[in-house]
Amino acid sequence: MQIPYTLQFINLLAALLLLIAFAMLAQRRILSLINLFAWQGALLALSTFIVAYSTNQHHLYYSAGLTLLLKVLLLPYLLHRLINRLNVRWDVETLINIPTTMLVGIALVIFSFNLAAPISQLAEGITRGLIGIALASVLLSLLMMLTRRKAVSQVVAFLALENGLFFAATSATQGMPLVVELGIALDVLVATFIFGIFFFQIRETFDSLDITHMEKLKDD
Amino acid sequence: MIDLQLLALLLIPLLGGGLLAVFGSRSWAAELNSLMSFLTFAASVVLTARVVESGPQVAFHEQFFIDQFNVFLVALTAFVAFTTSLFSRPYMRIEQHHGKLTTGMLHLYYSMYQLFTFAMLVALTTNNMGIVWVAMEAATLTTVLLVSLYRTPASLEAAWKYFILCGVGIALALFGTILLYFAAERVLGQGGTALLWTHLNEVKGDLEPTVLKLAFIFLLVGYGTKIGLVPLHSWLPDAHAEGPTPVSAVLSGLLLNVALCAVVRSKVLVDGSLGTHFAGNLMMGFGLLSVLVASFSLFRQKDIKRMFAYSSIEHMGLITFAFGMGGPVATFAGMLHMTVHSLTKSAIFFAVGHAVQKVGTQQMESIRGLLQVSPTVGWGLALGTFAILGMPPFGVFASEFLIITTAMHEYPWATPILLVSLGVAFAAIFGKIQPIVFGETTAKPLPHSPALVPVFAHLLLVLMLGLYMPPYLADWYRQAAALLG
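Chains as they are written, first to last, in this note's numbering: chain A, 292 to 511; chain B, 961 to 1445.
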């Protein structure tokens, strides 16, 4: 059976998305991390556009446009401004044990494919295997949040998590209803602003954006 | 008609948020906050009366759905939000007098308070499972800056933890919602109706069970983070202890309930689809674990607000367990327990807030002899503690009794766990609160007279629910329990 070109292309994009998730996991420079996040957004917008084109769903064009605007242009721009004003543009994070993190990441990918296997079987042609990739990129972002010690990179991980979810929504279900997508986009935008406010408050109080300073609250 | 009533309920707090964003620094902002909360409460009473009388309704092209179950939470939310606004009026002024807050911070507090109420009411009344998610996230966003209101290192840490953990949790809930939509789309088709709860409920038998199973796990873990279920609870004690006391009261008394409402709605769909008790069993497991872990953690607490935060985890666990058991009696008991827990816990936080202001510390070993300085604060705390520990004749006793007897009947193995946990919680909290209330004092008088009417109003209601449940209320709760099955 000949697989349609659009589907092949979406599969390619999904693979690239997963690759970027791994790259983010190992990236130590904050600036490159934000650029990777922007690339991930671009892939997402492109894949949404192709799904829209191949299934002829008009509302998906809007959501592709929204992704482009929010995740490729606006959020990376805000993050760039933020790291400039916070003077952490050239910061390098010390990550311990990158190989181990990568191995855990691979285990997570296998786990998500297993978890998604029964669902993938239900999906019609276009979405097979994509749910596994979406879930894997969600879990990889979670792993990234756990391994990071800088507030800015935790936030980038949080936004990458949102990207994975968005990919799940477009590839598995051909897009949530528009009103829901708009609501989610608004929440993400507001969350980024609040994170920005937080960065300044945290730095003012702790003189650093290292969240290891913030592990004082204990039960006793 | 129902459209209009619902519109009033949702627009009043939204308008309040807008007004207070403009006028939040004025000297009468606190009064405006209380007024808007009162109007919201009035709107909720009108809506409640109508729904209880004529049954479940949809509004605005089915985008909103109100039945006896969520209207009960709407009324409770609006009521406690109103009394908390009354409490926060003198409380926040005293904090300002003590130099802990500036006018700018109060400005933020008032406008966010109204928006928070709005987000919770949307989450409760919407029919769209996607909008439930959006509104829950909005409720987190509005409170996160309130938790860090004091800008102390500890409060910033608590707020960051709250933001990150709840953000991650709620992201998992979104994945669950996507899976739910994936299953629904195959039955209901593309577009707007596939996420509407009423439609899903009609076709729940046709939804794909394997997908729904996985969806429920994600939804439970996601919203469960918000409920504070163990092991996802670690943000909750920090946020409650470090935020201003009115925020602790509404987080504990209201937000946790709203998250639980979302889980209960999902449970109805999933168990209906599977035809088994899968979702119920998961909820029972998480509930029991929360009750057990939280009650044993109570012993280690030194901070009074932290201790009552753990008590909230314990009670939310108990309620989750009750809804997990299902059936008319347990669901009825779960709703009753939600009501009395919200009322009692917010009353306790009000009393604790004023007590802490008198002494200037949240460390329990430094708070002594409240009765000597202020009999009302002392008795408020003492009676609230008795009530929350499930002493008769308070309403908590009635609901806990119902839950435990149902458990004995249906799941006998769970009863010893529940009884031991409740006993441990009793010993821990009573032992710590007793010297705080009685004994020699260390407290100072306050610059503004404290607001204790809400404390006693809440406790009186809880007492009444323990002694006599009006037939109107009993009927209403029974109908709601029947709807949830």
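Check each hint, because a few of them may be wrong.
As the list claims (entries may be wrong) - One-sided excerpt, in silico: chain B residues whose CB lies under 8 Å from chain A:
(1) Asn-1088
(2) Ala-1114
(3) Glu-1117
(4) Gly-1127
(5) Glu-1168
(6) Trp-1339
(7) Leu-1362
(8) Ile-1364
Unchecked claim - In the DSS-like style, the derived pairs of lysine-lysine whose C-alpha atoms are separated by at most 27 Å in a straight line are:
(9) Lys-1404/B <-> Lys-1392/B
(10) Lys-1262/B <-> Lys-1404/B
(11) Lys-1392/B <-> Lys-1262/B
(12) Lys-1060/B <-> Lys-1318/B
(13) Lys-1392/B <-> Lys-441/A
(14) Lys-507/A <-> Lys-1262/B
(15) Lys-441/A <-> Lys-507/A
(16) Lys-1318/B <-> Lys-1404/B
(17) Lys-1318/B <-> Lys-507/A
(18) Lys-1173/B <-> Lys-507/A
(19) Lys-1262/B <-> Lys-1318/B
(20) Lys-1262/B <-> Lys-1060/B
Said to hold, decoys possible - Beta-carbon label-pair distances, calculated as ranges:
(21) Phe-1256/B <-> Ile-387/A: 28 to 36 Å
(22) Pro-390/A <-> Glu-1162/B: 48 to 56 Å
(23) Ala-1442/B <-> Leu-469/A: 50 to 58 Å
(24) Gly-1149/B <-> Ile-294/A: 20 to 28 Å
(25) Val-1005/B <-> Leu-364/A: 43 to 51 Å
(26) Leu-394/A <-> Leu-1443/B: 44 to 52 Å
(27) Pro-390/A <-> Gly-1235/B: 41 to 49 Å
(28) Ile-387/A <-> Thr-1321/B: 32 to 40 Å
(29) Phe-1256/B <-> Pro-390/A: 46 to 54 Å
(30) Gln-1150/B <-> Trp-381/A: 56 to 64 Å
(31) Asp-501/A <-> Pro-1430/B: 52 to 60 Å
(32) Arg-372/A <-> Gln-1150/B: 34 to 42 Å
These are calculated hints, taken from the structure and not from any lab test.
Keep in mind the model is a prediction, meaning the values are calculated, not measured.
Ideal placement from N, C-alpha and C gives every residue a C-beta, glycine not left out.
Status of each hint after checking the structure:
Nearest Cβ of chain A to the Cβ of Asn-1088/B: about 7 Å, under the 8 Å cut. The hint holds. The interface hint given for Ala-1114/B is met, as the beta carbon of that residue sits about 6 Å from the closest beta carbon of chain A, less than 8 Å. Against a cut-off of 8 Å between C-beta atoms, the interface hint on Glu-1117/B holds, since the closest Cβ of chain A lies about 4 Å away. At its closest, the beta carbon of Gly-1127/B sits 6 Å from a beta carbon of chain A; the interface hint therefore holds under the 8 Å criterion.
Interface hint status for Glu-1168/B: upheld, as the beta-carbon distance to the closest one in chain A is roughly 6 Å, under 8 Å. For Trp-1339/B, the suggested interface contact is broken, since its CB lies about 29 Å from the closest CB of chain A, more than 8 Å. Given hint, Leu-1362/B at the interface with chain A, is violated; its Cβ is 32 Å from that chain's nearest Cβ, farther than 8 Å. Look at Ile-1364/B: its Cβ only gets to about 28 Å from chain A, farther than 8 Å, so that hint breaks.
At most 27 Å may separate the alpha-carbon atoms for a hinted pair to count; Lys-1404/B and Lys-1392/B meet this at roughly 21 Å. Between the alpha carbons of Lys-1262/B and Lys-1404/B the distance comes to roughly 21 Å, so the proposed pair stays at or under 27 Å and holds. Only pairs whose Cα atoms come within 27 Å are accepted, and Lys-1392/B paired with Lys-1262/B is accepted, the gap being roughly 9 Å. Of the supplied pair hints, the one linking Lys-1060/B and Lys-1318/B holds, its CA atoms being roughly 14 Å apart against a limit of 27 Å.
A hinted pair counts as satisfied when its Cα atoms are at most 27 Å apart, and Lys-1392/B with Lys-441/A does not qualify at roughly 39 Å. Taken as a hint, the Lys-507/A and Lys-1262/B pair is honoured in the structure, with Cα atoms around 15 Å apart against an allowance of 27 Å. Distance restraint check for Lys-441/A and Lys-507/A: the Cα-Cα separation of roughly 16 Å lies within the 27 Å cut-off, and the hinted pair is therefore satisfied. Restraint check for Lys-1318/B and Lys-1404/B: satisfied, since their Cα atoms lie roughly 5 Å apart, inside the 27 Å limit.
A hinted pair counts as satisfied when its Cα atoms are at most 27 Å apart, and Lys-1318/B with Lys-507/A qualifies at roughly 26 Å. Distance hint between Lys-1173/B and Lys-507/A is unfulfilled; the C-alpha atoms sit about 38 Å from each other, more than 27 Å. Only pairs whose Cα atoms come within 27 Å are accepted, and Lys-1262/B paired with Lys-1318/B is accepted, the gap being roughly 18 Å. For a cut-off of 27 Å, the pair hint linking Lys-1262/B to Lys-1060/B stands: about 22 Å separates their Cα positions.
Judged by the Cβ atoms, the range 28 to 36 Å given for Phe-1256/B and Ile-387/A holds: they are separated by roughly 34 Å. Hint check: Pro-390/A to Glu-1162/B, Cβ distance near 52 Å, so the stated range 48 to 56 Å holds. In this structure, Ala-1442/B and Leu-469/A break the distance hint of 50 to 58 Å, their C-beta atoms being roughly 35 Å apart. Between Gly-1149/B and Ile-294/A the beta carbon distance is about 25 Å. The supplied range of 20 to 28 Å therefore holds.
The hinted window of 43 to 51 Å between Val-1005/B and Leu-364/A holds, with their beta carbons roughly 47 Å apart. Against the hinted window of 44 to 52 Å, the Cβ-Cβ separation of Leu-394/A and Leu-1443/B comes to about 49 Å, which satisfies the hint. For the pair Pro-390/A and Gly-1235/B, the supplied restraint of 41 to 49 Å holds, since their beta-carbon distance comes to about 47 Å. The hinted range of 32 to 40 Å is satisfied by Ile-387/A and Thr-1321/B, whose Cβ atoms lie roughly 39 Å apart.
A beta carbon spacing of about 39 Å between Phe-1256/B and Pro-390/A contradicts the range 46 to 54 Å that was offered as a hint. Take Gln-1150/B and Trp-381/A: their Cβ atoms lie about 47 Å apart, and the range 56 to 64 Å is violated. Between Asp-501/A and Pro-1430/B the CB atoms are about 56 Å apart, so this pair conforms to the stated range of 52 to 60 Å. Look at Arg-372/A against Gln-1150/B: about 39 Å separates their beta carbons, and that is inside 34 to 42 Å.
Hints 6, 7, 8, 13, 18, 23, 29, 30, counting from the list given before, are not met by this structure.
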